[in-house]
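A.B. asks: Sequence:
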Amino acid sequence: MTEEFVHEQLLQLRDLIAQERRAARDFDMEALSETARRKEELMEILAEAPPCESLECRELAEEVRAENRRNAFLFWSGLRLVRDTVAFFEKQIPPPAYGASGSLTPGKAGGKLLAGRI
1 MTEEFVHEQL LQLRDLIAQE RRAARDFDME ALSETARRKE ELMEILAEAP PCESLECREL
61 AEEVRAENRR NAFLFWSGLR LVRDTVAFFE KQIPPPAYGA SGSLTPGKAG GKLLAGRI
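In UniProt numbering, the protein residues as written are 1 to 118.
Keep in mind the hints are simulated off the structure, nothing from the lab. Certain hints may be false.
What the hints assert, rightly or not - Restraint-style ranges between C-beta atoms, simulated for each label pair:
id, residue 1, residue 2, range
1, Glu-56, Glu-30, 16 to 22 Å
2, Arg-70, Met-29, 16 to 22 Å
3, Ser-77, Glu-3, 34 to 40 Å
4, Leu-74, Arg-38, 38 to 44 Å
5, Pro-96, Ala-49, 56 to 62 Å
6, Leu-42, Arg-83, 41 to 47 Å
The model shown is predicted, which means the values in this text are computed figures rather than measured ones. We put the CB at the ideal spot given by N, CA and C, even for glycine.
Generate the whole structure from the sequences, applying the supplied hints.
C.D. replies: The structure is reproduced here in structure tokens:
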């Protein structure tokens with residue numbers, strides 16, 4: 001594997017990472033899956049590549065690493081938002097209680113938010 005080949009693969013990976021970010025931003029799950037698959041293929045190729053010797057190639061590799069971390073933070077933030085939202089709504093539903101006959105009755109959602117009056 002030549003350094004030119006590695007440089008070309010890094011350029012493709014940088015472009016894929018940008019496509020991945022756009023797909024995530026637009027909630028395009030098909031494009032996100034496809035870019036993840038292609039990104040994994042490139043990573044397998046680059047895993048076998050020798051280390052970059054030229055400054056330009058090393059700078060490109062660092063840029064790819066930074067952009068990939070940026071995407072990872074985007075996904076982590078999105079996941080945290082979803083988890084916090086689910087936790088909020090789970091707190092709004094009271095636990096089941098016992099009815100007059102002794103049977104278990106589900107708790108009723110209260111408040112205007114869950115009733116749809118907001």
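A.B. asks: None of the hints should be skipped; say for each whether it holds.
C.D. replies: Here is what the structure says about each hint:
Judged by the Cβ atoms, the range 16 to 22 Å given for Glu-56 and Glu-30 is violated: they are separated by roughly 34 Å. Under the hint 16 to 22 Å, the C-beta atoms of Arg-70 and Met-29, about 20 Å apart, fit the expected range. Range check, Ser-77 to Glu-3: Cβ separation about 35 Å, and the 34 to 40 Å hint holds. Distance hint check for Leu-74 and Arg-38: the Cβ-Cβ separation is about 18 Å, which falls outside the suggested range of 38 to 44 Å.
Distance hint for Pro-96 and Ala-49: a CB-CB separation of about 58 Å, consistent with the stated range 56 to 62 Å. Between Leu-42 and Arg-83 the beta carbons are some 30 Å apart, a value that contradicts the proposed interval 41 to 47 Å.
The structure is inconsistent with the numbered hints 1, 4, 6, although it conforms to all the rest.
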